[in-house]
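**Q** The residues making up each chain are set out below.
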Amino acid sequence: MLDLKNLARRPEFAAFVGTLFVFVFFGYFGWPTFTSALVTAGWLNVAAELGLIALPVALVMVAGHLDLSVGSILAAGAMTYAILTGHYDLPDYIGLPAGLGVGTFFGFLNGLIVTKTKLSSFIVTLAMLFALRGLVFGITRLTTSTVLVPVEVDPFVRETFGGRIWRTYENAIILWVIMALVVSWILYKTKFGNWVFSIGGDETSARAAGVPVERTTILLFMGSGFGSALLGVTQVALFGSAQVSAGQSYVFFSIIAVVVGGVLLTGGYGSPIGVIFGTMTFAIVSQGIYSTGWDSDWSSLILGVLLLIAVFTNNTFRRLALSSGDKKDESLSTARRTDPQTSPEPATTKEATVV
Amino acid sequence: MSDDRTPYISVENVSKVFGGYAALDDVSLEVHEGEVLCLLGDNGAGKSTLIKILSGFHQPSSGTMKIQGEERVFKSPRDASDLGISTVHQFGGTFELMSLDRSFFVGLEPTKGWGPFKWFDRKTANEIVVREMQALGITRVSDGNRLVGSLSGGERQVSAIARAVYFGAKVLILDEPTAALGVKEAAHVLRIIMEAKLRGLAVVLVTHNVTHAMTVGDHFAILIHGEKADDFAKGERTREEITDLMAGGEAMGELEAELARLVAAGTQPA
Numbered sequence: 001m002l003d004l005k006n007l008a009r010r011p012e013f014a015a016f017v018g019t020l021f022v023f024v025f026f027g028y029f030g031w032p033t034f035t036s037a038l039v040t041a042g043w044l045n046v047a048a049e050l051g052l053i054a055l056p057v058a059l060v061m062v063a064g065h066l067d068l069s070v071g072s073i074l075a076a077g078a079m080t081y082a083i084l085t086g087h088y089d090l091p092d093y094i095g096l097p098a099g100l101g102v103g104t105f106f107g108f109l110n111g112l113i114v115t116k117t118k119l120s121s122f123i124v125t126l127a128m129l130f131a132l133r134g135l136v137f138g139i140t141r142l143t144t145s146t147v148l149v150p151v152e153v154d155p156f157v158r159e160t161f162g163g164r165i166w167r168t169y170e171n172a173i174i175l176w177v178i179m180a181l182v183v184s185w186i187l188y189k190t191k192f193g194n195w196v197f198s199i200g201g202d203e204t205s206a207r208a209a210g211v212p213v214e215r216t217t218i219l220l221f222m223g224s225g226f227g228s229a230l231l232g233v234t235q236v237a238l239f240g241s242a243q244v245s246a247g248q249s250y251v252f253f254s255i256i257a258v259v260v261g262g263v264l265l266t267g268g269y270g271s272p273i274g275v276i277f278g279t280m281t282f283a284i285v286s287q288g289i290y291s292t293g294w295d296s297d298w299s300s301l302i303l304g305v306l307l308l309i310a311v312f313t314n315n316t317f318r319r320l321a322l323s324s325g326d327k328k329d330e331s332l333s334t335a336r337r338t339d340p341q342t343s344p345e346p347a348t349t350k351e352a353t354v355v
Numbered sequence: 001m002s003d004d005r006t007p008y009i010s011v012e013n014v015s016k017v018f019g020g021y022a023a024l025d026d027v028s029l030e031v032h033e034g035e036v037l038c039l040l041g042d043n044g045a046g047k048s049t050l051i052k053i054l055s056g057f058h059q060p061s062s063g064t065m066k067i068q069g070e071e072r073v074f075k076s077p078r079d080a081s082d083l084g085i086s087t088v089h090q091f092g093g094t095f096e097l098m099s100l101d102r103s104f105f106v107g108l109e110p111t112k113g114w115g116p117f118k119w120f121d122r123k124t125a126n127e128i129v130v131r132e133m134q135a136l137g138i139t140r141v142s143d144g145n146r147l148v149g150s151l152s153g154g155e156r157q158v159s160a161i162a163r164a165v166y167f168g169a170k171v172l173i174l175d176e177p178t179a180a181l182g183v184k185e186a187a188h189v190l191r192i193i194m195e196a197k198l199r200g201l202a203v204v205l206v207t208h209n210v211t212h213a214m215t216v217g218d219h220f221a222i223l224i225h226g227e228k229a230d231d232f233a234k235g236e237r238t239r240e241e242i243t244d245l246m247a248g249g250e251a252m253g254e255l256e257a258e259l260a261r262l263v264a265a266g267t268q269p270a
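Heads up: the sequence lines are chains A and B, in that order. Residue numbering for the first sequence follows the working numbering, starting at 1 and increasing by one per position. Residue numbering for the second sequence follows the working numbering, starting at 1 and increasing by one per position.
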């Protein structure tokens, strides 16, 4: 049964509409190149790479936190892999897990600092973004005397992470699909996922209900650290080198994709499917612009406006979702109309504390 | 208020000092199963501090607590809930953007499956939450998928009480459950409190509302400035006596005299 009203209440609905809109928009203005296999591969590849970070970051944001350190963690993961294999000639089966491990470790450190100090994750991960960037630059220069480390990637690793299907679609798309399945399973199907929603909804109540808030939060930051490092090593496998300044743009790209994907900045609400749409919207706008013949600078304008619209719609949809659907028994529901405590805008006090 | 039965909770000479200020001063109380104990008092009288000690959020600075006659120290809310003490806050379900079945089972999710592939059994959760809500008279809720935030204040209170009862609470601590509600909804919540009492639970009801307290209360304790000012069973005091005590006795008399003077001054020709 197709229930339009309930469909519109789902957190991913607006994100889907957004993707559809930009697809039609660029399909029209970019006709006929936009729908070609090459351009489709272009935006799908961008989406897949961004998706590896955006999906685990979405979990962090559903729990009411932010992770701004993804850019530097990406570089740290990529550089660890590149220095160990490219500079010290260690085998890939050491370098690759080490790269992923370093990313996960710095995610762990983020989570540990956030939960132990109770400082806002915005500040903690911003500090990590800068501190780790400095560390990556420093160590890379000390060990290799350069800022760009070439790697002779092991053929198996190159094919797995950096391979292309029909020479156009990156294998990253497969990694993205796996990541999407794992993240969706975690959020929708596990106890852990329920804890993520509850922490984003009300951390104090979650703790009182017996949710291991600290452990859950740390694991979430480890997830976004892992996702960032995974993209880092994937890019090394794709390009055959690692650069210290790689990845910084993903800090904002991931937040845009997640918010356009319908996740509330205040936490407690969101869906991986929505984030997939948000990521696709981002990729379509940033790549589709090239098939229109317009200057690519305009894509930033479109993304900025889309982000603003997304935040606005997210709030509207939240209000819609919170309004009661059916009113069979009026005896209990009459009181709420005059009741100031249950009227919308429940998260206003939280908004002040999150950022 | 001592009698022959062993109380479920007995609070003995408990004090709580915050930075040199005594929020609670030498308070003793007994909480019995199958009874409603009403904690009355003005703002800042120490009601919240007392229930936070009962529910493990605070530790007393001095004094002891016994559960079923055995001395216990709560280091966390978890310790209290392990002993069947469950606290429902003013707004009931606090996870407004979660579905009813998800929020009902936060921290205690039913699972299916094996090993790392265990999953949260939403179907069972959904059935249980609808059944429990309907059993407590919330017939409007027929789907656990709806968001907590779409329920009314009273329905959320009831869902929180239903949760506590379902998970085997022995003591239900209710912090101002009717304060934000309309008349009909408040009446419904009071009915649920009676229902919980009849099922043999001990209920600690914190309220400002003397009428609500007198409707369901078996025993009453009045706090003033952190001290227990009075402690009596149902029928031992009149409503006026209770109201006067809550407002601090003389203070209310003075206020009335002051108001009378103002009224008199206002009616005089200028």
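Hint data in this document are derived by calculation from the structure and do not stem from the laboratory. Among these hints, one or two may not hold up.
[What the hints assert, rightly or not] Derived SDA-like pairs: lysine to any residue, alpha-carbon spacing no greater than 20 Å straight-line:
| no. | chain 1 | residue 1 | chain 2 | residue 2 |
| --- | --- | --- | --- | --- |
| 1 | A | 116 | A | 215 |
| 2 | A | 189 | B | 126 |
| 3 | B | 75 | A | 210 |
| 4 | B | 118 | A | 192 |
| 5 | B | 112 | B | 127 |
| 6 | B | 52 | A | 210 |
| 7 | A | 189 | B | 112 |
| 8 | A | 189 | B | 123 |
| 9 | A | 118 | B | 57 |
| 10 | B | 118 | A | 118 |
[What the hints assert, rightly or not] One side only, chain B facing chain A, incomplete, derived with CB under 8 Å:
| no. | residue |
| --- | --- |
| 11 | 21 |
| 12 | 106 |
| 13 | 108 |
| 14 | 214 |
Beta carbons: idealized from backbone N, C-alpha and C, even for Gly.
**Q** Return the numbers of the hints above that this structure violates; sort them in rising order.
**A** 10, 11, 14
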